[in-house]
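Student: Going down the list, the protein sequences come from chains A and B.
Take any residue in the first sequence, count from 1 to its spot, add 2: that is its number in my numbering.
Take any residue in the second sequence, count from 1 to its spot, add 7: that is its number in my numbering.
It is worth saying that the hints were derived from the structure and are not from the lab.
Hints are not guaranteed to be accurate.
[Stated by the list, open to error] Keeping only pairs whose Cα atoms sit at most 25 Å apart, straight-line, the calculated DSS-like set for lysine-lysine is:
1) A:246 x B:70
2) B:70 x A:111
3) B:406 x A:525
4) B:70 x A:106
5) A:100 x A:182
6) B:70 x A:100
7) A:182 x A:246
8) B:70 x A:254
9) A:182 x A:143
10) B:70 x A:143
11) B:70 x A:507
[Said to hold, decoys possible] DEER-style ranges, computed between Cβ atoms:
12) B:190 x A:504: 44 to 52 Å
13) A:206 x B:449: 42 to 50 Å
14) B:557 x A:137: 43 to 51 Å
[As the list claims (entries may be wrong)] Which chain B residues stay away from chain A? Per the calculated CB distances, all over 10 Å, these:
15) 20
16) 74
17) 89
18) 162
19) 453
20) 468
21) 524
22) 526
For every residue, glycine included, the Cβ atom is placed at its ideal position computed from N, Cα and C.
Given next are the chains, with one letter for each unit.
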Amino acid sequence: MSASPESIPAYPLDDEQALRLHDALAGLTPGQLQWVSGYAAGVAAANAGIDAPVAPAGHADSAEALTILYGSQTGNGEQIANQLAAAAGDKGFAVTLKSLADYKPANLKRESMVTFVVSTHGEGDPPDDAELFREFLLSTKAPRLESLNFSVLALGDTSYLNFCQTGREFDARLAELGAKRLLPIVECDVDYEDAANAWAGSLLDALPAVIGAGNAAPKLRAVELPAKHDKNRPFAAEVLTNQKITGGASTKDVRHIELSLEGSGLRYEPGDALAVLVENPPALVAQLIDALGFDGASNVDVRGSSRSLRDALSLDLEITSTNLGFLQAWGAISGDERLQALLDDRQELRRLIDTWQVIDVVREFPADTDAQTFVNALRKLTPRSYSIASSLAANPDEVHLTVAAVRYEAFGSEHWGAASTHLADRLEAGDSVKVYVEPNTRFRLPANDATDVIMVGPGTGVAPFRAFVEERAERGAAGRNWLIFGDRNFSSDFLYQLEWQRHLKEGRLDRLDVAFSRDQARKVYVQDRIRESAHELFEWLDNGAHLYVCGDAQHMAGDVDAALIDVISSQRNVGRDSAEAQLKELRRAGRYQRDVY
Amino acid sequence: MSTALSDVERIKAASRHLRGTLVESLRNPITGALADDDTQLSKFHGIYQQDDRDLRSERTRQKLEPAYSFMIRARVPGGICTPAQWLNMDDVATRHANGTIRLTTRQAFQLHGVVKTRLKQTIQEINRQMTDTLAACGDVNRNVMAPTHYDLSHVHRQVAEEARRLSAHLTPATSAYHEIWLDGEKLDDGEADVEPIYGDTYLPRKFKSAFVVPPQNDVDVFAQDLGFIAIVEDNELAGYNVTVGGGMGMSHGETATYPRLADVLGFCRPDDVLRVAEAVVTTQRDFGDRTNRKHARLKYTIDDRGVDWFRDQVVERSGVTLEAPRSFAFVGNGDVYGWQRDDAGRWHYTLFIQNGRVADTGERRLMTGLREIAKVLHGEFRLTPNQNLSISNLSDDSKALVDGMLGEFGIDNTSQATPLRLHSMACVAFPTCGLAMAESERYLPSLIDRLDAAMADAGLAGDAITIRMTGCPNGCARPYIAEIGLVGKGPGRYNLYLGAGFAGQRLGCLYRENANEEEIVAALSPLFSSYSVGRDVNEHFGDFLVRTGVVREVTAGRTFHAAAGDR
Ligand code: SRM
Ligand SMILES: Cc1cc2nc3c(=O)[nH]c(=O)nc-3n(C[C@H](O)[C@H](O)[C@H](O)COP(=O)(O)OP(=O)(O)OC[C@H]3O[C@@H](n4cnc5c(N)ncnc54)[C@H](O)[C@@H]3O)c2cc1C
Ligand SMILES: Cc1cc2nc3c(=O)[nH]c(=O)nc-3n(C[C@H](O)[C@H](O)[C@H](O)COP(=O)(O)O)c2cc1C
Ligand code: SF4
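Throw the hints in and build the complete structure from the sequences for me.
Tutor: Written as structure tokens, this is what we have:
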């Protein structure tokens, strides 16, 4: 906080203004500074006719409110929490009551007073609804909680060895994270009523000390200045979570990946992608070196710098896909006529590029060559893009991805995609991965929050829509949200099912249609749902809705396009050409946006 | 204590005779579950929402809802099932469920693992063979039990017939079942729904009834809300001793809940059965506690108001004068295995089915074998109250045929199992039962391996002791009336109850709390030894433990939780 105005780079004020501001702020207390920042935001908002960027909706009062969180398996704790909420409400406290399953643990750092009612089950295990919260709290992900006051009511049964284990864990860990214990933990046996009532009474007595009036300043986060991270200066983001989100029986392995952006200054908008710099699969690198009979430790020159062949193939060069340049070079190196013939046939060439990896080419068309010649033929390893699946407003300092691991059998051996398996198989929480943000200004939520949106996102195409829905909720956008999702099987491939259900229940998502292609004899896809809902879809569009499509470019995007043309032509009662033209017009007007890959 | 009606009462009242929003729930493609309220109503249609508990935490991490599927229970009054019904159940289980059939402790069928999108088709197919699922669960009279041993064939037939009649009489009248599952094919031709016996909110809680013919107490008549003990005089059925107020369910740590054995109310004539039964049901309907589901069973209504009060209600409502109970005696609550010939010369074979699970396992192709037998069978199947199966009513020729097939498919393991195993039962518990706290069906067989060894060491290899395990205190396998009762408390931990009567005539008493396998074996081994040397002639294990003071004699449900030394 001691930086002088001159030393701040990329500053929106000129020197004169900066100095005036510096003088005006001199000597103010942190509390006063916070008030001023809120005041300035309010002035700006009033001038621009937009909402002031105060704390996000739903948390507006968190500084003053009592948040009651319960973890309960058989309902005892839930009942106590309900009663406490009612009693606190009667006393005029603002209260938020939630099951731990519905609470985003990262929000803890925004709270000032949280009370926990949690039981213990299994053999000292948390109740189901507290499991993930507990995992977060006890993990290294848990933030410092200096500004939090808390109290814990633990439910248990003294006939178990680990009496009130979960409550005890919460209590100890919160204190360890710097939170202030408003009341000592109360541990209840199966006859919990009296102890619980007494505890609730003391809690209500103690509350005014921590959430009384005068503590109402909205908490604004300081605006960080964007630091520059790009391809050449990627940010090493810590992996917070790498979680498979397809069920056991799924034919696919899709990962939900959470990365920390803390300290990076990186910002993004819903619709942006994250570029990921990766390493090739070590097993593949070894196989390739082996197949060519090279020595991995031998040095090669890669565009002017010298490193071992193994490092070059791992970090610098593309080996999981081929391209025309490599194929032509290898054609020359190998002198193989069959390869030459394939190169001369456009269709074959296409197939080769789409489905062969470098190792397939060198195994199929062996050649006697040296490591440097081989390296020269390869392309530089390119970063891979992943649609960002989170809203920054809802997940401060984090970015989430939805990654389908590419693994397949070909030429009698297992094949891997470089980036997707790097993320899925070779990174765990605590590791880091190099990333930077790829803005995508052509895939943006409507500027007007009252506008409806229709989102078509089968498979991993659903990723940006997770960000959209989170963002619109944070903004309190009034427009309706309609998601059309599809995948193979309902029971294993309904990506983010629990989150969508919660969004629906809590009104953040207005409509969800799903198409699972392999659950019945007749295959159904998102385009079928679009056709089935032609009337409503058209109504939404007519009403000004924006339409978004994300995911597979090869088939889906075209199929959806065709379905949309059908919808327009049937609902408007016009011919194909006219319908096509109208869809184009929607595109042009920015009301039909696509992010397909 | 609150006097507000329990939430389930609200749901029933608003359900328009059990319709709720089931149709909408079935259509909702976003979840494999029903709407919360509908999960209560579906039970009345014989359908329980469950989820694979083995996968629960994994799926939460995967941001997927629990792996929901449904358990379907089909009613089989008296356990009597035709070969065609068996084949149908087998077919449905194979195509829509998890490929196994579960025979229950109340002589019914259960299928597990039916997903929501297949539910309707499955129910329709079950109904193809005049088996239905209505009232297999819910706050109504459940599957009516009748005995499955055969010495006096004409009395048994009469009693089984009476069980059927009672079942039909107490079946809910709502047309919701046909409307929702069978596409409105209104078999009762659209009469506006009136529930003449139950009323609009049905009973306060589940209700269970059974018939029994001494000397075998295979149905565990004292565990029933309503029981009829056949009194046979001069080889003819004279009438029944009516019993009321039995039940097993309780909750750990809540002494206001307890298992209770039924009281004998009096004697009635065969013609009076329906009237007496209806009076018992309507008394419970009107006086059962609708504010607290843990206190809503008939057993609490009777303990709260007294047996005499209850008898007066029944007499007044039925117009039947109950005579003094007649004498009877029970010898055991297990099944009689192997071939039996009844007094009419027909053959019956009772087959041991471990914990009621019909499945092919390695050499023992139980499911396949029973399917093949059903295809050629001139006779019937009887589901027993101990989760076993009888192949019944066979001629001499059929007997020979069935005998051959039992061998061919490796089905007949009755002779290999120890008497302990043959007298064992375990409830379903994990992974399907949402209430399970510990393993049961998947675990008891291996625990019995160890206890068999301990019994053999004590010289008891040939002795029958009843042993039952449940995964929670609800008591679905009636553990509190097994000589060794094991009731799950947490993963791998059980409360051990000892001293119950071999014929289900006395409750057990808590002997060890929260014991793991080692502790269970360590607790029982010395008792086996002292029993082996110290017992009287023909004295059962439970009786011995009570006589020698190892456990207190529990004389009433109310004193089940009392401290040692109390009565
Ligand atoms: C299948 C069966 C056990 C078995 O291994 O065979 C069974 C299984 C279940 N019982 Fe039971 N009960 C079964 C006989 C019993 C019995 C024995 C009997 O009726 O003779 C009892 C004890 C007698 C009694 O009712 O008191 C019994 C007392 C309960 C209770 C406790 C009731 C109480 O008054 O406290 C529950 C829980 C409840 O109702 O709240 C329960 C609930 C359940 C449920 C449906 C769990 C649930 O509510 O979610 C279990 C389904 C498990 C699964 O995955 O299949 N089950 N249940 C039996 C089916 C009988 C039938 O065909 O209708
Ligand atoms: C804007 C944008 C957004 C994206 N968003 C996402 C997202 O949200 N989630 C996501 O998972 N992906 C997304 N992608 C795709 C992602 O960038 C990668 O392309 C993908 O993960 C594969 O990369 P990889 O490095 O694992 O595989 P690579 O190493 O690039 O590819 C492996 C090679 O294997 C071949 N191949 C793949 N499958 C088969 C098969 N079955 N048979 C034969 N050959 C095959 C292909 O020729 C490919 O060249 C997005 C792409 C773009 C451009
Ligand atoms: C299967 C099971 C396991 C339990 N294990 C423990 C335990 O290990 N330690 C403990 O203190 N209490 C244990 N309990 C007791 C519960 O914590 C207690 O019943 C509590 O009141 C439940 O509160 P809830 O209804 O809010 O979940 C267990 C309860 C059950 C049903
Ligand atoms: S006794 Fe408990 S665990 Fe076993 S089936 Fe019944 S309810 Fe489930």
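Student: Are the hints correct? Go through all of them and say.
Tutor: Verification of the hints:
1. A:246 x B:70: 9 Å, holds
2. B:70 x A:111: The hint holds at about 23 Å.
3. B:406 x A:525: 50 Å, violated
4. B:70 x A:106: 14 Å, holds
5. A:100 x A:182: 21 Å, holds
6. B:70 x A:100: 18 Å, holds
7. A:182 x A:246: The hint is violated at about 36 Å.
8. B:70 x A:254: 15 Å, holds
9. A:182 x A:143: Holds, at roughly 19 Å.
10. B:70 x A:143: At roughly 19 Å apart (the allowed maximum being 25 Å), residue 143 (chain A) and residue 70 (chain B) satisfy the hint.
11. B:70 x A:507: Distance of about 16 Å is within 25 Å: holds.
12. B:190 x A:504: 44 to 52 Å: Given range 44 to 52 Å: violated, Cβ gap about 34 Å.
13. A:206 x B:449: 42 to 50 Å: 47 Å, holds
14. B:557 x A:137: 43 to 51 Å: 45 Å, holds
15. 20: 21 Å, holds
16. 74: 6 Å, violated
17. 89: 32 Å, holds
18. 162: Answer for residue 162 (chain B): holds, closest chain A Cβ roughly 46 Å.
19. 453: Non-interface label stands for residue 453 (chain B): nearest chain A Cβ at 20 Å, farther than 10 Å.
20. 468: 35 Å, holds
21. 524: Holds, because the least Cβ-Cβ distance between residue 524 (chain B) and chain A comes to about 14 Å, which exceeds 10 Å.
22. 526: 13 Å, holds
In this structure, the earlier hints numbered 3, 7, 12 and 16 are contradicted, and the remaining ones agree with it.
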